[in-house]
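Positions 182 to 900 (the numbering used here) are the ones given, in order, by the sequence shown.
It should be emphasised that the hints constitute simulated quantities derived from the structure, not laboratory data.
Heads up, simulated DSS-like pairs for lysine-lysine below, C-alpha to C-alpha not over 30 Å straight-line:
(1) K676 <-> K521
(2) K676 <-> K528
(3) K393 <-> K380
(4) K315 <-> K521
(5) K676 <-> K646
(6) K275 <-> K393
(7) K626 <-> K393
(8) K315 <-> K393
(9) K676 <-> K626
(10) K646 <-> K275
(11) K626 <-> K646
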Amino acid sequence: MTELRDVDPDQVERAAKEPSGQLEPVHIPGPRAGRTDLPDGRFINRELSWLDFNARVLALAEEPETPLLERAKFLAIFATNLDEFYMVRVAGLKQQIGRKSARTVDGLTIAEQLRHISARAGELMERHASCFTKDIQPALEAQGVRLACYRDLVPDDQSRLGAYFREHVFPVLTPLAVDPAHPFPYISGLSLNLAVTVKHPRQDGEQFARIKVPPNVPRYVRVEENSWLPIEELIGAHLPQLFPGMEVVDSHVFRVTRNADLEVEDDETDDLLQTMQEELARRRFGPAVRLEVGSDMDDDVLDLLMRELQVEDEDVHRLPGPLDLSALWSLYALDRPDLKDPPHVTKPHPRLQRAADEGEDIFSLLREGEDILVHHPYDSFTTSTQRFLEQAAADPNVLAIKQTLYRTSGDSPVVHALINAAEGGKQVVVLVEIKARFDESANIKWARELERAGCHVVYGLIGLKTHCKTLLVVRQEGGRLRRYCHLGTGNYNPKTARLYEDLGLLTADPQIGADLTDLFNVLTGYSRQTRYNNLLVAPRRLRQGIIERIRGEAEAASAGKPAGIRMKMNSLVDDLVIDELYRASRVGVPIDCVVRGICALRPGVADLSETIRVRSILGRFLEHSRIFHFRSTGQYLIGSADMMHRNLDRRIESLVQVQAPELREQLGGILDMALSPDILRWELDAEGAWARIATSASGARLRDYQSELTDWTLRRLTG
182 MTELRDVDPD
192 QVERAAKEPS
202 GQLEPVHIPG
212 PRAGRTDLPD
222 GRFINRELSW
232 LDFNARVLAL
242 AEEPETPLLE
252 RAKFLAIFAT
262 NLDEFYMVRV
272 AGLKQQIGRK
282 SARTVDGLTI
292 AEQLRHISAR
302 AGELMERHAS
312 CFTKDIQPAL
322 EAQGVRLACY
332 RDLVPDDQSR
342 LGAYFREHVF
352 PVLTPLAVDP
362 AHPFPYISGL
372 SLNLAVTVKH
382 PRQDGEQFAR
392 IKVPPNVPRY
402 VRVEENSWLP
412 IEELIGAHLP
422 QLFPGMEVVD
432 SHVFRVTRNA
442 DLEVEDDETD
452 DLLQTMQEEL
462 ARRRFGPAVR
472 LEVGSDMDDD
482 VLDLLMRELQ
492 VEDEDVHRLP
502 GPLDLSALWS
512 LYALDRPDLK
522 DPPHVTKPHP
532 RLQRAADEGE
542 DIFSLLREGE
552 DILVHHPYDS
562 FTTSTQRFLE
572 QAAADPNVLA
582 IKQTLYRTSG
592 DSPVVHALIN
602 AAEGGKQVVV
612 LVEIKARFDE
622 SANIKWAREL
632 ERAGCHVVYG
642 LIGLKTHCKT
652 LLVVRQEGGR
662 LRRYCHLGTG
672 NYNPKTARLY
682 EDLGLLTADP
692 QIGADLTDLF
702 NVLTGYSRQT
712 RYNNLLVAPR
722 RLRQGIIERI
732 RGEAEAASAG
742 KPAGIRMKMN
752 SLVDDLVIDE
762 LYRASRVGVP
772 IDCVVRGICA
782 LRPGVADLSE
792 TIRVRSILGR
802 FLEHSRIFHF
812 RSTGQYLIGS
822 ADMMHRNLDR
832 RIESLVQVQA
842 PELREQLGGI
852 LDMALSPDIL
862 RWELDAEGAW
872 ARIATSASGA
882 RLRDYQSELT
892 DWTLRRLTG
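Please model the complete structure; the sequences and the hints are all you need to start from.
So this is what it looks like as structure tokens:
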């Protein structure tokens, strides 16, 4: 698998002097993991590690002490995660079959990875279905939330649902026959379908027809107050109405997952926006990469589906339960607080709240040199980051606002604030990343609205996604201009800010303001800036900056000085960074990694990673912040970048150094708590296996990290 490569600083500097008009990713040919000073077999496969992450999500659904509807929610998250994994990662691997490609750094070929993925994913899907049918569904019924079977309904209910079917469902169904005059129909990705076998009462032979379950009707139809029927069961019970004069022999539900990864060569198009819209229209016609069927599907019908969809045995998964459990989100929406976690109420940041109470705006607070670190969802996004932007939009002294938007909410107050600022005469520059996966359509819509309001909208750099989370406000103050900044680890999305754990730095530091000015000049113009005062920016300097800091800790340890590395991130995959961590471990640097998702590093291997510990924390909030701490220098950095090839080579990412002592102490407290031995967690061993650590040596149940952090934040907020 060919990967984008990094370069040494001198090569970067030489490239920066070339007369090209755009900052481009740098390629270095050849394998990256062939260093002779480190042993083979030191990496865990990326895709299998991701499946292990989703297994940890599934374990939350299997946890009896988790409230029941929260368990259903985790089943839905598992299903959605796996859908996207197949649409993107498995689809990408399948596209490489037949191509001449080297093994990945963990030593597996593409074909070997696909075989391992099929086996592991199959195990997890069966476990997922079994968890619902044998555990969650009976437990819900015991709590008065029933998913019914049509055949078990009393006649009155069947009659009432029959009327509902005729009035609301039957008119939108279209049975499609398959015979010499009717070719096999196109099956859209992620749709639920019924494969129906029918026959003429006076003729031999059977015919096949397909019915698509309409996506614009509720998946669960209410039977009575606390009872629902899956829509596919309602359709299946009334098939004779769709095939009058024919005998319905059998019917089976199936579901197809298709390749949904967009391939847009933005250096070969004159209009990126139009090209993205065309590619989105083509996305639904991608090749099939997975076929899910019920465990009772007839072999002849399955053979027909496999042949027409052109899938192999390893792409087929027979499941003992209802397909597409992402629909459990609709059950989670039920008004049953007794079956959910207690509501989490975000609190205003105390310093921002005090300023608001005293009639002081955020600008005067930051102008006094008081940087603010907000921690969502414990600190309110609405009264911090959103208020900062809204005050800037309304302030007559603000001359310009520049912001990156990767994902935002449907009815976005962030976008509305930018539109208000532009309509108020301010210069507003917005970099909208229209290649943000699965948010492309929404971002194209926002880009159009922002342009109509008079904002300057740009779409980033050729060959790179812009993933950094940055906001720059330029304000006229007397005879000078002052710059106010926000740099974060998460999207400018007030809805996900209540569900995702993220950090944001609000500051008027002149060096950071100068850095963001330079960065936006790179993003919107032809600047070739590669070095910054207080930022590390990918793809040019971020990986190298992290590696230099790791080496600094190794040098400190070798000299007998205090040293240590702590990292909290979503994924740790980059082989160059991992190899540098291995070398630091070999000289005795203590290294602690908190990795929510994928981890390709093997901790605790003799003579390689004996001083490295890796843990994972999952809970009601999605752990999303990235924090990097280097003990010998006392540096803390936060930002948008994970240690992955795509983040370091194919994206614009940024990390900012947090300078204020009290904010460094706050970050240290977050890491201390995440790494406490008293916290419930998963730990990774040298063989690549994750173990859940739920009890102490004495048998006492360990504490939930996010609950502890909620309490710790409350104590901090109240002084």
